[in-house]
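Chemist: Taken in order, these protein sequences are the chains called A and B. Take the first sequence: its letters are residues 1 to 477, numbered as in the working numbering. Take the second sequence: its letters are residues 1001 to 1477, numbered as in the working numbering.
Because the hints were derived from the structure by calculation, they are not lab data. Don't take every hint at face value.
Covered by chain A, according to a simulated footprint, are these stretches of chain B (three or more residues, beta-carbon under 8 Å) [said to hold, decoys possible]:
| id | segment |
| --- | --- |
| 1 | 1025-1038 |
| 2 | 1057-1070 |
| 3 | 1094-1101 |
| 4 | 1234-1242 |
Chain B side only, calculated, beta carbon under 8 Å to chain A, not exhaustive [said to hold, decoys possible]:
| id | residue |
| --- | --- |
| 5 | 1045 |
| 6 | 1090 |
| 7 | 1091 |
| 8 | 1112 |
| 9 | 1116 |
| 10 | 1119 |
| 11 | 1121 |
| 12 | 1136 |
| 13 | 1138 |
| 14 | 1140 |
| 15 | 1152 |
| 16 | 1186 |
| 17 | 1190 |
Using N, Cα and C, we set each Cβ at its ideal position, and we do this for glycine too.
2 protein chains.
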Amino acid sequence: MGNIADIEKDTAQWYQDVLKESEFIDYSPVKGCFVFRPYCYALWENIKCILDKKIKETGAQNAYFPLLIPESFIKKEAKHIEGFSPELAVVTYAGGKKLEEPLVIRPTSETIIYYMFAKWIKSWRDLPLKINQWANIIRWEMRTRPFLRSTEFLWQEGHTAHATKDGAKKNAIEMLQIYQDFIQDYLAIPVVSGIKSESERFAGADSTYCIESLMCDGKALQMGTTHILAQSFSNSFDIKFQDEDGNLQFPYCSSWGMSTRLIGAIILVHGDQNGLVMPPKVAPIKAIIVPIYKNDEEKNKILSKAYELKEIFCDDGIKVEVDDDEQLTPGAKFFKWELKGIPVRIEIGPKDIEKNNVVLVNRFEKEKNKKKKVVSIENVGNELPQFLDKIQNQMFQEAKKKLGENWYQSEKLSEFGENLSKEGGFYEVGWCGNADCEDSLKEFKASIRCLLEKKKHPSCFLCGKSSKTDILVAKAY
Amino acid sequence: MGNIADIEKDTAQWYQDVLKESEFIDYSPVKGCFVFRPYCYALWENIKCILDKKIKETGAQNAYFPLLIPESFIKKEAKHIEGFSPELAVVTYAGGKKLEEPLVIRPTSETIIYYMFAKWIKSWRDLPLKINQWANIIRWEMRTRPFLRSTEFLWQEGHTAHATKDGAKKNAIEMLQIYQDFIQDYLAIPVVSGIKSESERFAGADSTYCIESLMCDGKALQMGTTHILAQSFSNSFDIKFQDEDGNLQFPYCSSWGMSTRLIGAIILVHGDQNGLVMPPKVAPIKAIIVPIYKNDEEKNKILSKAYELKEIFCDDGIKVEVDDDEQLTPGAKFFKWELKGIPVRIEIGPKDIEKNNVVLVNRFEKEKNKKKKVVSIENVGNELPQFLDKIQNQMFQEAKKKLGENWYQSEKLSEFGENLSKEGGFYEVGWCGNADCEDSLKEFKASIRCLLEKKKHPSCFLCGKSSKTDILVAKAY
Chain A
1 MGNIADIEKD TAQWYQDVLK ESEFIDYSPV KGCFVFRPYC YALWENIKCI
51 LDKKIKETGA QNAYFPLLIP ESFIKKEAKH IEGFSPELAV VTYAGGKKLE
101 EPLVIRPTSE TIIYYMFAKW IKSWRDLPLK INQWANIIRW EMRTRPFLRS
151 TEFLWQEGHT AHATKDGAKK NAIEMLQIYQ DFIQDYLAIP VVSGIKSESE
201 RFAGADSTYC IESLMCDGKA LQMGTTHILA QSFSNSFDIK FQDEDGNLQF
251 PYCSSWGMST RLIGAIILVH GDQNGLVMPP KVAPIKAIIV PIYKNDEEKN
301 KILSKAYELK EIFCDDGIKV EVDDDEQLTP GAKFFKWELK GIPVRIEIGP
351 KDIEKNNVVL VNRFEKEKNK KKKVVSIENV GNELPQFLDK IQNQMFQEAK
401 KKLGENWYQS EKLSEFGENL SKEGGFYEVG WCGNADCEDS LKEFKASIRC
451 LLEKKKHPSC FLCGKSSKTD ILVAKAY
Chain B
1001 MGNIADIEKD TAQWYQDVLK ESEFIDYSPV KGCFVFRPYC YALWENIKCI
1051 LDKKIKETGA QNAYFPLLIP ESFIKKEAKH IEGFSPELAV VTYAGGKKLE
1101 EPLVIRPTSE TIIYYMFAKW IKSWRDLPLK INQWANIIRW EMRTRPFLRS
1151 TEFLWQEGHT AHATKDGAKK NAIEMLQIYQ DFIQDYLAIP VVSGIKSESE
1201 RFAGADSTYC IESLMCDGKA LQMGTTHILA QSFSNSFDIK FQDEDGNLQF
1251 PYCSSWGMST RLIGAIILVH GDQNGLVMPP KVAPIKAIIV PIYKNDEEKN
1301 KILSKAYELK EIFCDDGIKV EVDDDEQLTP GAKFFKWELK GIPVRIEIGP
1351 KDIEKNNVVL VNRFEKEKNK KKKVVSIENV GNELPQFLDK IQNQMFQEAK
1401 KKLGENWYQS EKLSEFGENL SKEGGFYEVG WCGNADCEDS LKEFKASIRC
1451 LLEKKKHPSC FLCGKSSKTD ILVAKAY
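Between the sequences and the hints, there should be enough to build the whole structure, so can you do that?
Modeler: As C-alpha cells, then:
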C-alpha cells in the first residue's frame, strides 16, 4: 500500500491518503472547501434518503430558507452572535455595488427560520410547528479537515416551536433517539449520548444533547446534536402565539442537526489499512462482480453470467456493478474495490462457472481471517442479502468491542491523564460541576464530551470534591 | 376572491397574491430571496426525484462542488466573466479578516467543475465524463420575481466532457429531449425548443438550445437550456486527454440545467382565478378528503371511513390527506384546497356513506363545467388513479390548445407588432440573421426566443431581405 500512510502510526495522513486514492473527494484551492466526488456523494444520498424518511415520520416538513442572512439577524440573539461571529463569511459586494447591510452566509439557520416563525405562528393551533431543511452551510474554521471540520458542509437542520417547554424537550429527546438509532443501525457505529456541559452548549441553547462516538485513533467525534432553545429565539424574534385562554405567549423552540460529518465517522470508525469500509446498509454499491478469465471464450461466458447476475440483484433493489475493465488484472481490481470499501466482492472464474458457483468475499474481514464463501448461482440471490446483513452486524459488533476496550473507569486525572494523552479513549469519571475543573482538561487537549446520567463515581476527577454527575472525558475532533 | 387580484387584468399581482395566500412562499428582507414553504418544497422534491432518475439513466453521476469560487476562476473564460460579472455576490470578509482573494458565490459552476475535470481527465478512457449537481445558485438580478428571476434559486447543472464535438452535441441534444419530455409529460406544459440566436447564447457557449413555453399572460418563459461549450472551458482550464493515438487533445464540453423556474411555469400556465392548479404527476398531495357531517354520530362514521381510505391510497403510493380541521366549514375547506391546487377533492357526506359512495371533484375543471363524479367506495381505489391520469391529460390538452390559439404566423413586424405589444403570444416569422433586425424587437420588449429548424417564411420580419431561418418571437420573462 505504497500511497497510503500507516493507519496506526499516522491516522491523519492515512485519512487524507484514503480520501484521495479512493477518488472520494478532491480539493478546491479555497481553504477547507472540497468536492464530493460521485462515489462519496452517492453515500451522502443514501444517508439523506433514509434519514429524511425518519425525520418526516416525526411530522416535520421540509422547507428551504435563504442562504444569505442579514447581519443584523445574526446579532439579535446575544449568545448566538458571540458563538458564531468568528466563523462568518460575509458578502459585502453584490451586483457590482457595495451592499448597505452586509449579508452573512448561513452558519446555521436559526435566525432566518425564527424570523419566519414569527410571521407564521399566531395561535396554539399552529403548534407544534416542525420544519426541517437540507442545506449547505459555511463556517470559517481555523483548522479544516474534510467532513470533520470544513468551511462548507452539507447538513439537515430541524427547527421546531412548541406551546410548552416540555414539548420542546420531548422533541429534542425524540430526535436524539432517532439520530442514535440511525447511526447505530445504518452506519454500524456504537454511540454514547448525553447532555453537554455549559461551556460546550450550542450558542443560544438552554441545553444541548449530543451523540459521541469513538474514532480509530482514540478521539471522540460529535456526530449529532439536538438543542432545547427554550424561549431565547422566540424572545429575540418576537414569536408569539395566543394560547387556549387567549393570552399571548412565547413558544419554546428546539433545533437539531446532523451533517456530512457522518461520512467522516464512517471512514474513521470502519476504515482499515486497505482503505474505506462501507457499512452495507448505506454503501453506494453493495457488491462488485469481478470476472476472472484467460481467453475470449471464458470471457464471453463469464461476462454474460456477470451481467445477468447484476440484473437480478438490481431488480431486487440491490445495487451491484460488474468491473469489466479490460486494462486491469483481477488483482488490480480487488485492490481498487477494497480501497473503495465495497462490502462484497463476487468472483466468477472458469472453474466457478463450471461448477455453477460464485465466490463471495467479505471486505470487512481482515486478510488473515478472510474466508471466501462459495455459493451456487441459483442461491446467490438469497445469499447476498443475508451476507450483507451479516457484514453489517459484524461491523457494529467489532466497533462496539473496540469502544468497550477503550472505555475506562477512573477517579483522578493524575491516574488517567497520561493514558488519555497517549492513547486517547473514553474516560468515565465524576465531576463537581465546576468550570475550572473542566478547564484543566484543555492541557490534555481533552474535554467533557457529555454528562452521563448515572453517578457511579463519588468524587470530582480534579478537585476531589463531591461529584454531581458522571461525565465522559475524551480528546475530540 | 377578495385577496386575489384578477388573473387577466393584473397577472403580476395575481401571481404574488396566489403565492402568498396559498402559503406557498414567504419573503426574506433580502431583495429577491424567499422561503420555499413546505407545500412548495414538496413540489420541488417531487420534480427533483423524477428528474434525478432520468438524469442518472443517461449515465451522469451526481457530485457536489464548493459554493465559493475564487474570483480569478470566473475571470478565466472571457465571455463567461463578461456575462456573469454584473450578477455576482462577492465574499470579501471571512473569519473576521479581509480575504486576500475575493470569493464569488457560484452563479453557475462551470469554472470550478472544469478546474476539477482538468485533474480527473487524463485519457480517452476517462471520456465521456458526465457529472450532475443539485445546488443553490446566487445571481444578483435587478428585477426579481419568485421562481422566475430570483437572487437565490435551486437547480441542477450537468457538465460533461467528450472526446469529439459530435459527442458534446449529442449530449446537449439528448438532454434537451429529456427536459422537453419531462416538462410535457409531468408538468403538462407544451413546449417549443430550438437554438438561441448569438445574442441570447449562454456566456461561454458555442451553441445554446432552449425550451420555451407560453405563460397565461402571453409571455414566453425559458424553462431549460443545454449548451455545447465546445473547447472554450477546456482551453481556459487546460483540460487535456491523451487520445487513442497518444496525442494530447482538448475535450469538448456540454452543460445543461433546469431550475426552480419550473415551479413558476406550473403556476403561470395552469393557475386560475381560484389559485394554483397542480399537475397530478408532481402534485405534493394528489387528493384531499373533506368529510361533511352535522353531528357527532355522522362525524365518527365519516371520519373513520376517511382515514381508512387515506391508508388504502397511501399503501398504493398515492399521497392523500384528510382535512379533519374542526374549525372550518366544508365550504372553507373547499376554498382552501382549491387555492392550493390539489388535483382532486373527495367529499364524503352522510348520504354518500349511506349509499357507500364518495364524490370526486376535479380541481382543474372550471366552475361552470364542473361535474362531480360519484364513485362507489369499493371502486375508488381503482378510480382515483384513472381520474388523476385524466386530469393530467386534460391539463396538457388545454395548455396545448391555448398555445395553438396564441401562435401566429406572420411576415412583417409592422403587421404583428401591435398585437405582440398588447396581447403577447408566439410569432413565427422569417429572419435574415442580422443582429440589427433582432435588436429592433427590444422596442416591443420582445426577443427571438429561438431559431426554428424550418423555413416557411421567405423574408426577414424587419428588413425584408431573404430569410435564413424561421424564428420564434415573443415577449419574455
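Chemist: Should the interface hint for residue 1138 of chain B be scored as holding, given a Cβ-Cβ cut-off of 8 Å against chain A?
Modeler: holds, 7 Å
Chemist: Hold the hint about residue 1186 of chain B up to the distance rule: shortest CB distance to chain A must be less than 8 Å.
Modeler: Residue 1186 of chain B check fails; min Cβ-Cβ to chain A is 20 Å, beyond 8 Å.
Chemist: Residue 1045 of chain B was flagged as interface toward chain A. Is the shortest Cβ-Cβ separation under 8 Å?
Modeler: holds, 7 Å
Chemist: Go through the hint on residue 1121 of chain B and say holds or violated, using the shortest Cβ distance to chain A against 8 Å.
Modeler: Since chain A brings no Cβ nearer than about 12 Å to residue 1121 of chain B, farther than 8 Å, the hint is violated.
Chemist: Take the shortest C-beta to C-beta distance between residue 1091 of chain B and chain A; is it under 8 Å?
Modeler: The hint holds - residue 1091 of chain B has a Cβ within 8 Å of chain A, the shortest such distance being about 5 Å.
Chemist: Holds or violated: is the Cβ of residue 1112 of chain B closer than 8 Å to a Cβ in chain A?
Modeler: holds, 7 Å
Chemist: Go check the segment 1025-1038 of chain B versus chain A for me, would you? Three or more residues, Cβ under 8 Å, otherwise it fails.
Modeler: holds (count 10)
Chemist: Hint residue 1152 of chain B vs chain A: min CB-CB distance below 8 Å?
Modeler: OK, holds: residue 1152 of chain B within 8 Å of chain A, min 6 Å.
Chemist: Are three or more residues of the segment 1057-1070 of chain B within 8 Å, CB to CB, of chain A?
Modeler: holds (count 10)
Chemist: Residue count check for the segment 1234-1242 of chain B against chain A: does it reach three with CB-CB under 8 Å?
Modeler: Coverage by chain A is violated for the segment 1234-1242 of chain B (0 residues, Cβ < 8 Å).
Chemist: Return the status of the interface hint for residue 1140 of chain B: holds when the least beta-carbon distance to chain A is below 8 Å, violated otherwise.
Modeler: Cβ of residue 1140 of chain B sits 3 Å from chain A, so the hint holds.
Chemist: Under the criterion of a CB-CB separation shorter than 8 Å, is residue 1116 of chain B in contact with chain A as hinted?
Modeler: Since the shortest Cβ distance to chain A is 6 Å, the answer is holds.
Hint check: violations occur at hints 4, 11, 16, 17; the rest are consistent with the structure.
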